[in-house]
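Student: Please build the complex by placing chain B on the supplied structure of chain A, with the hints as guidance.
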Amino acid sequence: MIRFDNLSKRYSGGLEALRNISFEMDSGEMAFLTGHSGAGKSTLLKLLMLIERPTAGNLLINGKNLNRLSKSRIPFYRRQLGVVFQNHQLLFDRSVFENVALPLQVSGYTPGEIGRRVRAALDGVGLLDREKNNPIELSGGEQQRVGIARAVVHKPKILLADEPTGNLDPQLSEEIMALFKRFQDVGVTVLIATHDIDLINKMNLRIMRLNQGELELDRAAHGIL
Amino acid sequence: MASSSKARDTQRPQRGAKGSSVSLMDKWRGYKYHHRTTLQNSFAKMLREPLQTLLTVVVIAIALTLPTALYISVENIRQLSGGLESSAQMTVFVKKGARSGAIEKLGEQLDALPGVASVSYISAQAALEEFKALSGFGSALQYLDENPLPEAFLVKPLLLNDSAKLVNEIRQITLVEDVQLDMEWLRRLDALLDMGRKLVLALGAALGIGVILVVGNTIRLAIQSRRDEIVIVKLVGGTDAYVRRPFLYSGLLFGFFGAFIAALMLIGLGLWLEPSVNKLASLYQSQFRLAGLGVGGFIALLGIGGAVGLVGAWISVGQHMRDIKPR
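Just so you know, the sequences run in chain order A and B. So in the working numbering the end of the first sequence lands on 225, straight run, no missing numbers. So in the working numbering the end of the second sequence lands on 327, straight run, no missing numbers.
The shape of chain A in the complex, shown without the other chains:
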């Protein structure tokens, strides 16, 4: 599903954020991406979101080389992704419902379909009763769950999460990881960037560790579940 092929990224300032990264993730696989801040986690996610382009090497999604994707096709590629942002990136000028509806609106869904899917997504994260609230009225954990609902409302093939448990207490973190697990169960490829060691140790998942732009460790989940 995701294949990094000898990929490097050097920023125009000269900083080499990623060096010769190669790995593959199968459809329906779930993995942690870890490493110190500045190790290149964010850059790797940005490459997947096509916010940045690699300076060398290839990035293949579903067998398609993203280097060959024209600018006008980028939005359609992004619709296959679901992204949970570190600071959830919710819009405070509209309701929870409207925040979650955004990915469906840009894809041109009808209002009826939008209503159904948004409620299904909010139900999935346990916030169905909050759809009319403004996200600012919600707690940090609830906001993060709204962000997750928005990331999965359009049933993406790939779910990317950047520090999804950043400032949540352990119990909330576990709840959110359980949510991700449920998406994996229905075939979504899930990549979670985090430096929450406790969380990583608690879960039996593939771990990829970046260090100064290089893939230092790529350890599969132990045992077959």
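Wrong hints could be hidden among the right ones.
[What the hints assert, rightly or not] Think about it this way: if two alpha-carbon atoms lie no more than 30 Å apart in a straight line, the pair counts; the simulated DSSO-like pairs of lysine-lysine are:
1) A:Lys64 x B:Lys325
2) B:Lys96 x B:Lys132
3) B:Lys96 x A:Lys132
4) B:Lys32 x A:Lys132
5) B:Lys27 x A:Lys132
6) B:Lys325 x A:Lys71
[To be verified] Some but not every residue of chain B turned toward chain A, in silico, with C-beta under 7 Å:
7) Arg29
8) Gly30
9) Tyr31
10) Gln109
11) Glu229
12) Ile232
13) Val233
14) Gly237
15) Pro326
[Unchecked claim] Pair ranges (Cβ atoms, derived):
16) A:Ser95 x B:Ile315: 26 to 36 Å
17) A:Phe92 x B:Gln319: 23 to 33 Å
18) B:Ile315 x A:Gly63: 35 to 45 Å
19) B:Leu55 x A:Leu217: 52 to 62 Å
20) A:Phe92 x B:Val277: 33 to 43 Å
21) B:Leu51 x A:Asp129: 35 to 45 Å
These aren't lab readings, by the way, just hints derived from the structure by calculation. These numbers come from a predicted model, not from an experiment. Built from N, CA and C at the ideal position, the CB exists for glycine as well.
Tutor: The following block gives chain B in isolation, referenced to the frame of chain A:
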């Protein structure tokens, strides 16, 4: 509706990829719905900042009112002068002592000149009779030994602009003593109107650019205040067209409302001027009535306003969207 969507629900595979496909018909419906809601949202956003909106709309209205008012004035004057133009004529005086046969020939010669609409002969005798009747010097004229008035022709030119050339041509004819163009001022007026029309164009262009800049600036502020939203929309797969659309609608609405206010201002101006114009017209015993914008002009003004607003928004969006990452 509810039952059919439920039926589809059970068929939908749980795999994400296929679940997100949309049928063409649904896409079209979604597209229409999106356009309608975008327009509504743009309108709602304008109302949410009434002062800023009013300011922009009034500036646009003034910028549209000035050239339009000038245009209407020029058109009115032209209509007025059009009535006078038909009465433009020149008097050709024949040399004293010309024989009647030669005078008759001169009449034919004048009639044959290119650019002449009509020629009528006024004999010296007829001119004297008319003068007697109109001037009130009737009895005094009896003491004159001979008729002091020359034989004359009244020549009407086809086109006012040709009259100067025509005067020169007629002056060349040997039998002609002199030519008097009665309507010299009309030609000046025509030249003035021509200048007026050019002024309308120049002023219209300058103020049109002004409107584009005003709308552009307003849209720039709107883009800046909605930066977060643009970024997120792009990250969830919104196309550039999708991101642009609300701003283009805002520009269109600004121009449209500006034009509407401009039309109201012109109607007000017309009502305010009408009594004075009517009084002036009655003093000249004229049937002249002030012509307003008219329905066609009103629609054209709205169209121009909307178009200029749209162009302003387009330029601004094109410029400022490039600054926002991701592209």
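Student: If a hint holds in the structure, say so; if it doesn't, say that too.
Tutor: Against the structure, the hints:
1. A:Lys64 x B:Lys325: Roughly 24 Å separates the two Cα atoms, so the pair holds.
2. B:Lys96 x B:Lys132: holds, 20 Å
3. B:Lys96 x A:Lys132: violated, 102 Å
4. B:Lys32 x A:Lys132: Answer holds: B:Lys32 to A:Lys132 is near 25 Å, not above 30 Å.
5. B:Lys27 x A:Lys132: holds, 26 Å
6. B:Lys325 x A:Lys71: Status holds; Cα separation ~13 Å.
7. Arg29: Cβ of B:Arg29 sits 5 Å from chain A, so the hint holds.
8. Gly30: Since the shortest Cβ distance to chain A is 4 Å, the answer is holds.
9. Tyr31: holds, 5 Å
10. Gln109: violated, 75 Å
11. Glu229: holds, 6 Å
12. Ile232: With a minimum Cβ separation of about 6 Å from chain A (threshold 7 Å), the hint on B:Ile232 holds.
13. Val233: Because about 6 Å separates B:Val233 from the closest Cβ in chain A, which is inside the 7 Å limit, the hint holds.
14. Gly237: This interface hint holds because 4 Å falls under the 7 Å limit.
15. Pro326: At 4 Å from the nearest chain A Cβ, B:Pro326 passes the 7 Å test, so the hint holds.
16. A:Ser95 x B:Ile315: 26 to 36 Å: holds, 33 Å
17. A:Phe92 x B:Gln319: 23 to 33 Å: holds, 27 Å
18. B:Ile315 x A:Gly63: 35 to 45 Å: Given range 35 to 45 Å: holds, Cβ gap about 41 Å.
19. B:Leu55 x A:Leu217: 52 to 62 Å: holds, 60 Å
20. A:Phe92 x B:Val277: 33 to 43 Å: violated, 57 Å
21. B:Leu51 x A:Asp129: 35 to 45 Å: holds, 37 Å
When held up to the earlier numbered hints, the structure conflicts with 3, 10, 20 and fits the remainder.
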